[in-house]
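Asks: If you want the building blocks of each chain, they are given just below.
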Amino acid sequence: MSSYYLSQQVQEIKPSGIRKFFDLASKMENVISLGVGEPDFVTPWSVIEASYHSLEQGYTAYTANAGLFELREEISYYLENNFDVTYSPESQILVTVGGSQAIDLSLRAIIDPGDEVIIVEPCFVAYSPIVSLAGGVPVTVSATNDNAFKITAEQIEQAITKRTKAIILCSPNNPTGAVLSKEDLTSIAAVVRKHDLLVISDEIYAELSYDDKAPSVASINGMKERTIVVTGFSKAFAMTGWRLGYTVGPEKIIQAMLKIHQYTMMCAPTMAQHGALEALRNGSESVQEMKTSYRQRRNFVVKALNEMGLSCHLPGGAFYVFPSIKATGMSSEEFAQRLLEEERVAVVPGDVFGESGEGYIRCSYATSIKQLDQAMKRMSRFVEKYTK
Amino acid sequence: MEQKEIELLKLLEKNGRIDTNTISKMIDVEPDKVEEMIANLEKEHAILGYSTLVDWSNVYEYEGVAALIDVKVTPVRGVGFDKIASRIYRFPEVKAVYLMSGAYDLSVSVEGKTMMEVSRFVSEKLSTLDTVISTTTHFILKKYKHDGIILNDDEDNDKRIMVSP
Numbered sequence: 000m001s002s003y004y005l006s007q008q009v010q011e012i013k014p015s016g017i018r019k020f021f022d023l024a025s026k027m028e029n030v031i032s033l034g035v036g037e038p039d040f041v042t043p044w045s046v047i048e049a050s051y052h053s054l055e056q057g058y059t060a061y062t063a064n065a066g067l068f069e070l071r072e073e074i075s076y077y078l079e080n081n082f083d084v085t086y087s088p089e090s091q092i093l094v095t096v097g098g099s100q101a102i103d104l105s106l107r108a109i110i111d112p113g114d115e116v117i118i119v120e121p122c123f124v125a126y127s128p129i130v131s132l133a134g135g136v137p138v139t140v141s142a143t144n145d146n147a148f149k150i151t152a153e154q155i156e157q158a159i160t161k162r163t164k165a166i167i168l169c170s171p172n173n174p175t176g177a178v179l180s181k182e183d184l185t186s187i188a189a190v191v192r193k194h195d196l197l198v199i200s201d202e203i204y205a206e207l208s209y210d211d212k213a214p215s216v217a218s219i220n221g222m223k224e225r226t227i228v229v230t231g232f233s234k235a236f237a238m239t240g241w242r243l244g245y246t247v248g249p250e251k252i253i254q255a256m257l258k259i260h261q262y263t264m265m266c267a268p269t270m271a272q273h274g275a276l277e278a279l280r281n282g283s284e285s286v287q288e289m290k291t292s293y294r295q296r297r298n299f300v301v302k303a304l305n306e307m308g309l310s311c312h313l314p315g316g317a318f319y320v321f322p323s324i325k326a327t328g329m330s331s332e333e334f335a336q337r338l339l340e341e342e343r344v345a346v347v348p349g350d351v352f353g354e355s356g357e358g359y360i361r362c363s364y365a366t367s368i369k370q371l372d373q374a375m376k377r378m379s380r381f382v383e384k385y386t387k
Numbered sequence: 000m001e002q003k004e005i006e007l008l009k010l011l012e013k014n015g016r017i018d019t020n021t022i023s024k025m026i027d028v029e030p031d032k033v034e035e036m037i038a039n040l041e042k043e044h045a046i047l048g049y050s051t052l053v054d055w056s057n058v059y060e061y062e063g064v065a066a067l068i069d070v071k072v073t074p075v076r077g078v079g080f081d082k083i084a085s086r087i088y089r090f091p092e093v094k095a096v097y098l099m100s101g102a103y104d105l106s107v108s109v110e111g112k113t114m115m116e117v118s119r120f121v122s123e124k125l126s127t128l129d130t131v132i133s134t135t136t137h138f139i140l141k142k143y144k145h146d147g148i149i150l151n152d153d154e155d156n157d158k159r160i161m162v163s164p
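Sequences listed follow chains Z and C, in order.
The first sequence begins at 0 in numbering that gives the first Met the number 0 and counts up one residue at a time.
The second sequence begins at 0 in numbering that gives the first Met the number 0 and counts up one residue at a time.
Hints are computed from structural coordinates only; laboratory data are not their basis.
Note that beta-carbon positions come from the ideal geometry of N, C-alpha and C, so glycine has one too.
Worth double-checking, as some hints may not be accurate.
Said to hold, decoys possible - Distance windows between CB atoms, simulated: (1) Z:25 - C:15: 32 to 42 angstroms; (2) C:35 - Z:308: 26 to 36 angstroms; (3) Z:369 - C:42: 22 to 32 angstroms; (4) C:114 - Z:72: 49 to 59 angstroms; (5) Z:369 - C:119: 40 to 50 angstroms; (6) C:59 - Z:13: 53 to 63 angstroms; (7) C:53 - Z:5: 52 to 62 angstroms; (8) Z:56 - C:15: 35 to 45 angstroms; (9) C:16 - Z:89: 52 to 62 angstroms; (10) C:146 - Z:77: 27 to 37 angstroms.
Let the hints inform the model, and build the full structure from the sequences given.
Replies: Here it is in C-alpha cells:
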C-alpha cells in the first residue's frame, strides 16, 4: 500500500514549519535560540517539592477523570479572584494534559463533519490541524500589523457562513504578544452572539500581561455561556514539561469533553496535579517575579529591535516579539535561515504561524538577558549587512 | 520613580556589572537618568558598593576558611549592644556582624587563611573583650548557597529544546 495504511485526513496535514528550524538549529554549535516557546525558568521549587512529597506519600494512582477535586476547587478560587469568572468545581472544570489536550477535546466535542471554525492568524501552529482532525474546516482570518495584530469584529463577521460553529481566540497571543482589551472583546462578542457562535478562548498566557490585565473572554457580558476557556499551568508557572492544563465552560460542553477525556486519557498525571495544587496555593509570588523579569526583557528586546531597524510594537503579553523584517527585502524563511547560518541566532519565521505572518519573525525573549544582549548584537550586525 | 528605583536596585543587586544601556532599556528610563538615579542612590547610601561573589573553592592555590561565631555579651547601659558590636566589626578578619534574637546576642562571621588563624582570633581577640561572656565557633565546611546564588550550579545549562511552538 503506497499510503502505508495512513488515513487520508492525516496524510493531508502538513508537518509544522517549526520542525525544520529545530532540525537545522540543533545540528549547529554556539547557537543562541530565540525560538523557544516556553519559559526559561525552572518550575518554582515549592511546586517540585510538593510533587515529590505526593509521590513519597504514594499518590501514584489515577485521580477522578475530571482531576483532583481539591485542584478543581483551587482553580475555581483562582479564576474568581484573578479573572472575575465563576465556575463550579463539580461540573464546569476539567483538568487536562496540557492546554493542547483541552483544545483538542473542545473541538472534538463540538464539531460535526464540515463545521467551520474561524482561526485568527498568525496563531499557534496546532489550531488548524486539530480542527481538521476533528472533522471540521478551518477558516482563517488575518490579524495585521496595522492594527497591532489585533483582529477586529468586522473581519470576523466577514468570515462567518452558515456552517460556522466557533471561533478560536488567543490573547495574549502566540506569536505576536498582542492582547485584546475589554473593548476589543466586547465588539467581537457582539458578533459572536449575533451569529450564535461559540468561542474557544486560549488563555494560556493570561497571567503574562505586562501593561493592562488581559481580560478573559468569559468575563465579557453574555459570553460565559458560549465560551470554552482553555488554559493551564505551563507558561505562567513555568511548568511546560508537567503537561498540565485545564478547561472551564458551560456544564453541558465540559461534560461532553469529559466523556471524550475519560475514554481517551482517563485523567491527567497525578503527580503533576499535586504540583499544580501547590502552584495555585502558594505560587503567586513566583509568578510575579517571573513577570517582572519578562517585562524587563520585553522592554529591552523591543527597544533593541527597533533601534536596529526591525520595527515592532510593544506587545502587551506572552513572551514573544513579532518584528517586521521587510526592510531587509527577504522572506521570513530566508531571513531566519540566513540569520541562523551567518550569525547563529535561531528565530522562527512568521509564516509558520499563518500567511499573514510573512514578513515577520517571532523572537522569544524567555532567555537570559546576557543571551538576549548577545543575540541583539548579532542580529543588528546581520540587519546592517542587508539593509543598505 | 520609586518603583523604578527598586527595579534598578534589584537588577544591580543581581549583577553589579550590568551596563547602563541595558538597564535603561529594561526599566524604560533614559541612560542619563539611570546614571543620575544610581548617583543618588549612592549618595543616599542605598547602594554601598559593588562587590563580586567569588567561589574561592574554585580558585587554584587559594586557601581560606570561614567561621560563624555565636557571641554572648553583656549589654552596656546607654549604648546597648552597639558599642561592643563596633569593637568587633572593626577587626578586618570580621566580615559580618549581626545582632540576633534568641540564645546568643551577636553573630560574627570571620574569615582567615587557616583554622589556626581563626582560632587565634577568637581566643586572643574576641573572647578577651571586656563584655564578651562566651563564644561558640562553627567552622563552615562547605558552601552550597551564598547571597541567593547556588554554588556549582549548572544554571547556564538550558535544558529546553532549541525551537518549539
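Asks: Could you work out which earlier hints the structure fails to respect and list their numbers in ascending sequence?
Replies: none
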